[in-house]
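Novice: The chain contents come next:
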Amino acid sequence: MAYELSRFEKMTLLALDELEGKGTPEEITKVGEFEQQAQVMNAVSWLNSKGLVEVHDQERKYFSLMKKSAGSADLPERTALKYLKKVGGKCTVEEMQEESGLGKKISGIALGWLKKKKWANIVKQGGETWLEITNKGKKALRGKGKDEELIVQLLKEGELSEEDIDIYAAKKLLSRKEILKERVEVTRTIELTSEGYDVIKSGIEIKPEITQLTPEIIRTGAWEEAHIRPYDVKAFAPTYYGGKKHPLRRELEEIRRVFLEMGFTEIKYDFIQPAFWNMDSLFIPQDHPARDLQDTHYLRRPEKTEVKGKQVEEVKAVHENGGNTRSHGWGYDWSYEESCRNVLRTHTTVTTIRALSENPDAPQKFFAVDRNFRSEATDATHLSEFIQIEGVVMEENANLNMLIGLLKEFYSKMGFDDVKVRPSYFPFTEPSVEVFAKYGDDYLEMGGAGIFREEVTSPHGIKVPVLAWGLGLERLVMLRLGIDDIREPYKNDLSLLKSYSLL
Amino acid sequence: MPVITVSMDELSRLSNTEPEDLLHLLPKMAVEVDNKKGDELWLEVYPDRCDMLSVEGIARAIRGYKNMETGVPTYEVKGSDVVTEVELSVQEVRPYIVTAVIENVDLNDEILKSLMDVQEKIHLTLGRGREKVAIGVHDLSTVKPPFVYKAVNPLTTSFIPLGYVKEMTLEDILKDHEKGQEYAHLLDGKDRYPLIMDSDENVLSFPPIINGELTEVNTESTRLFVDMTGTELKALEQSLNILCTMFAERGANIYRTTVKYGQKEREYPQLSPLEINISIQESKKLLGVDLSLDEIKSILGRMRYDIKEVHEDTISLNYPAYRHDIIHPWDVIEDMAVAYGYDRFVGELPSEPTFGKPLSSKKTEEAFTELMVGYGFNEVMNFTLSNPEKEFHKMELAETDDFVEIENPVNEESSCLRVWLLPSLMEDLKENRKNPLPQKLFELGDVVEKYNQKTRAAGVIFGPDAGFSKMKSLVDGLTRSMGIGSVIEVKGHPSFIEGRCASVIADEEEIGFFGEIHPKVLSNFELEYPVAAFELYMEKVEKILRSRDTR
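Heads up: the sequence lines are chains A and B, in that order.
Mapped onto the numbering used here, the consecutive letters of the first sequence carry residue numbers 1 to 503.
Mapped onto the numbering used here, the consecutive letters of the second sequence carry residue numbers 1001 to 1551.
Hint data in this document are derived by calculation from the structure and do not stem from the laboratory.
Check before you lean on any hint, since a few could be wrong.
Distance condition first, Cα-Cα at most 16 angstroms in a straight line; then the derived EDC-like pairs of lysine to aspartate or glutamate [unchecked claim]:
#	chain 1	residue 1	chain 2	residue 2
1	B	K1362	A	E266
2	B	K1028	A	E445
3	B	K1363	A	E132
4	A	K61	A	E132
5	A	K420	B	D1343
6	B	K1450	A	E303
7	B	K1234	A	E320
8	A	K85	A	E132
9	B	K1179	B	E1213
10	A	K498	B	E1431
11	B	K1454	B	D1343
12	A	K268	B	E1365
13	A	K304	B	D1402
14	A	K104	A	E94
15	A	K82	A	E132
16	B	K1520	B	E1396
17	A	K268	B	E1539
18	B	K1434	A	D493
19	B	K1543	B	E1508
20	A	K105	A	E178
21	A	K201	A	E20
22	B	K1285	A	E395
23	B	K1363	A	E266
24	A	K244	B	E1249
25	A	K438	B	D1343
26	B	K1234	A	D333
27	A	K304	B	E1407
28	B	K1430	B	E1365
29	B	K1357	A	E254
30	B	K1150	B	D1191
31	B	K1234	A	D287
32	A	K420	B	E1032
33	B	K1285	A	E20
Partial list, derived from the structure: chain B residues whose beta carbon lies under 10 angstroms from chain A [as the list claims (entries may be wrong)]:
#	residue
34	L1214
35	L1286
36	V1289
37	L1293
38	E1348
39	P1409
40	V1410
Quick reminder that beta carbons are idealized off the backbone N, C-alpha and C, glycines included.
Bound-form chain A, shown alone (with noise of 0.2 angstroms):
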């Protein structure tokens, strides 16, 4: 077959056949047993830009009555001529006005349709102006005009096309106002070209149909003998999203892993800390202003934690005299008791020094990433619990040039290829270093580093130089998801963790 057909272009082709060529939409749809007369509108057009079936458009003509009233009364005209008969054939206007019961305005029309009829002449007479009704008006007497048949019969059958009433008498009345209404309805025939009785002479086969697979069909194949119904690819449907990880838990673990890959073993210690890790052991004085209350949270329970190790002694020394360092030290006595406090952890670098402290034999590589926690509000910029992530490098030749390096490095692992540094001040490094790497236009703070003071490594044993370097990963999601509110992910708002984009 030259025309490839679809189920319900073949149902139109055949209901056609059966209504002898021609048929309305309405028909074919009763006769095709269509479940919608859209389905037969749509195979119909489809089979015309085929040649196979002609569309033709009739207009038709209804009418009806605009008022049941107007068809239960007599039209005035033959008021009035009941009148003209009653009162022996002629009567002066004044009089019909008067005493028809038509009333001034009506007897005007009347008088009108009288004299278009020719039913009565209109003479003048002494003054006056008189009605004669005329023989046509006799006989008009013996019966109904045709135009009031009309009345009667739309009286009876409510709406008629123009094919069964008289037009003539039909256009008459629409002459005249308030009588009748006239609607205009345009027929589809849909007509069956020669080609289209050559597409069914040489037969139609219709399968039938299936909306959803069931067990059933798929194990007896039945689907082979059956059309699985097209469905409208393009028609809503909701979006449908899975279980995620948490976008700080992604980058995180794209951290670990770039970590991993360069060498380095991942490290944990704990939130709480005495002021001896997270403090003492950096060579921050005990009355520096990061030390405050202001910045760090200290714990009402549990106090304090007592620290020991021969640690303990060197850090006093090297903060009050420098001890066994190059160092003059800060110079004041250090109180036990203080480093003792117990804090929740400002820095990462609480767990890198803790772990380089027991594993002080070059070479190391560390990281960790984790929780911190600072005595601040929260803000858009600002969190008072945050994850950092720092990384060391403990070895013979470890130098500025190196810790420059491995931070091109790391930020080119993490999709930062032009990174910068500036000279920059932490307590526990020196040199200290400021990272900016390019997004976009711009170049953002992107973390610090440095080299471990000698007043911080060499209490523990350590004695080749470290490099360190560290970073918030709140910052980081907030670029890749482009978020400018930091406490945005800590929200767990499940429109935005269902609908993030991984990649």
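Guided by the hints, dock chain B onto chain A, whose structure is given.
Specialist: Relative to the frame of chain A, chain B by itself:
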């Protein structure tokens, strides 16, 4: 980090540098340009460089950096007969004082502002909020030396404090004066307060609180007396040097003064250079750059060091008395890196190989996460900071006294560390009420229970179909998929409906629990559909897995 405001025009003039060049240059010298509005620059100076807390100090550093003048700046200190006697009575209150006289100062509004600015910033940094250093600057022509520094009875001593017209006792100043209220805590517990007076018993200053009205400095003042009192002599000397050299940079004359502690006399300011030695090899090694001796010399000169002597590997250096931050040779080496230029380091990679490994617990945690995502759960991450209301009361639990409690919480919301995960997840459901049901959330995170930090894993199902049996199926599948399997036993838990809560047991140990949340708890979190929940103790899961590995 301290931020100072300077006039770009003035900095440009004092440093002989074009304004647009300043913006590129400053960051290379560790000064961050925080903001710029018209002629005003907001500059962040790191607290290790208090000598750069003034426009004069920054200009001095720039002139060196740009090789316009190198080496240690020399400042002449002339003699004077201004003496301050320290009485023993201050020993227990505020033991130290240093002083200086500055003359021939052309005090315009610009310089007065710079002076106020640097005082305030030194108070904050080196001064630790005026505790270690409190500065007073006085119009010397209004008073008559010698001065005396002593501790007096706060109830009976009075004078007119700056900004007032009426005499007040020291006691009243602490109570009623703005500065008194702000710094009263520095005199807590002292029964005598420090005071500086002249030979006619006129009060110059009530340190560390307020100066007297008498000695107020204005643009007409030409001779200034500077006092700095505090608890640490070194910090005082450094602060005095920073302030005096700042004036000297403006062409003022600095005069030596005497402080007498009984028979012992000290003279201030001491502006002669200080000494430090560095090793050439160590410098090159720490920087990772092969510098020639000439380069090293040039770099050090630009950072305002004088090379006294080079002997084999050792360079003996002089450095300016205002550099309070140099306590170790590496401090000098950092300066060398700054002068060399951080952007000139090409970078190299570590030379000694190491093999990284993840935390041993990560394998189990990653398996858990993979399983939960597979079950269609969305991961949440919540703060560890919590509060007893959420951890206990809203979960219908009795508050214990062994959770971590913060001494100085920022707010009531964050006054403790969480002891379990489910309250955080309940809070998340509350926040997600506007989103469609069902909702399935999980979290993997640390809690601190009985002061011990532990990793927990938890999940919740929220919606009309959430119930015990669904959760039972899930926990069963979950523990099997994690390679341990589990059995369950009835558990009573006030957060759950009685008879709809169970312990998860593996190797005869409870590794977690699950059940259907009690309607009271649901209402506490304003939830109107059932919630089924589980929480697992990850370190127990870990322990079982390890014991099976070795078996």
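Novice: None of the hints should be skipped; say for each whether it holds.
Specialist: Each hint tested on the structure:
1. K1362(B) x E266(A): holds, 10 angstroms
2. K1028(B) x E445(A): Holds, because 15 angstroms separates the two Cα atoms, which is no more than 16 angstroms.
3. K1363(B) x E132(A): violated, 118 angstroms
4. K61(A) x E132(A): violated, 39 angstroms
5. K420(A) x D1343(B): holds, 7 angstroms
6. K1450(B) x E303(A): Holds, at roughly 13 angstroms.
7. K1234(B) x E320(A): Roughly 13 angstroms separates the two Cα atoms, so the pair holds.
8. K85(A) x E132(A): holds, 10 angstroms
9. K1179(B) x E1213(B): holds, 14 angstroms
10. K498(A) x E1431(B): holds, 15 angstroms
11. K1454(B) x D1343(B): violated, 44 angstroms
12. K268(A) x E1365(B): holds, 14 angstroms
13. K304(A) x D1402(B): holds, 14 angstroms
14. K104(A) x E94(A): Holds - the C-alpha atoms of E94(A) and K104(A) are around 9 angstroms apart, at most 16 angstroms.
15. K82(A) x E132(A): Cα-Cα ~12 angstroms, so holds.
16. K1520(B) x E1396(B): holds, 8 angstroms
17. K268(A) x E1539(B): Holds: K268(A) and E1539(B) sit about 14 angstroms apart, inside 16 angstroms.
18. K1434(B) x D493(A): Holds, because 10 angstroms separates the two Cα atoms, which is no more than 16 angstroms.
19. K1543(B) x E1508(B): Since the Cα atoms of K1543(B) and E1508(B) sit roughly 13 angstroms apart, the hinted pair holds (cutoff 16 angstroms).
20. K105(A) x E178(A): holds, 15 angstroms
21. K201(A) x E20(A): holds, 13 angstroms
22. K1285(B) x E395(A): holds, 12 angstroms
23. K1363(B) x E266(A): holds, 13 angstroms
24. K244(A) x E1249(B): violated, 62 angstroms
25. K438(A) x D1343(B): holds, 15 angstroms
26. K1234(B) x D333(A): Given pair K1234(B), D333(A) holds - Cα atoms ~14 angstroms apart, limit 16 angstroms.
27. K304(A) x E1407(B): Holds. K304(A) to E1407(B) sits at ~12 angstroms (cutoff 16 angstroms).
28. K1430(B) x E1365(B): Violated, at roughly 26 angstroms.
29. K1357(B) x E254(A): Measuring from Cα to Cα gives roughly 15 angstroms; hence the hint holds.
30. K1150(B) x D1191(B): holds, 13 angstroms
31. K1234(B) x D287(A): holds, 15 angstroms
32. K420(A) x E1032(B): holds, 14 angstroms
33. K1285(B) x E20(A): Measuring from Cα to Cα gives roughly 103 angstroms; hence the hint is violated.
34. L1214: violated, 33 angstroms
35. L1286: Holds. Min distance 5 angstroms.
36. V1289: Hint holds; V1289(B) Cβ to chain A Cβ min 6 angstroms, cut 10 angstroms.
37. L1293: violated, 19 angstroms
38. E1348: Check passed: Cβ of E1348(B) comes within 4 angstroms of chain A, closer than 10 angstroms.
39. P1409: Holds, because the Cβ-Cβ distance from P1409(B) to chain A comes to roughly 8 angstroms (cut-off 10 angstroms).
40. V1410: Check passed: Cβ of V1410(B) comes within 5 angstroms of chain A, closer than 10 angstroms.
Against the hints set out earlier in the document, violations occur for numbers 3, 4, 11, 24, 28, 33, 34, 37.
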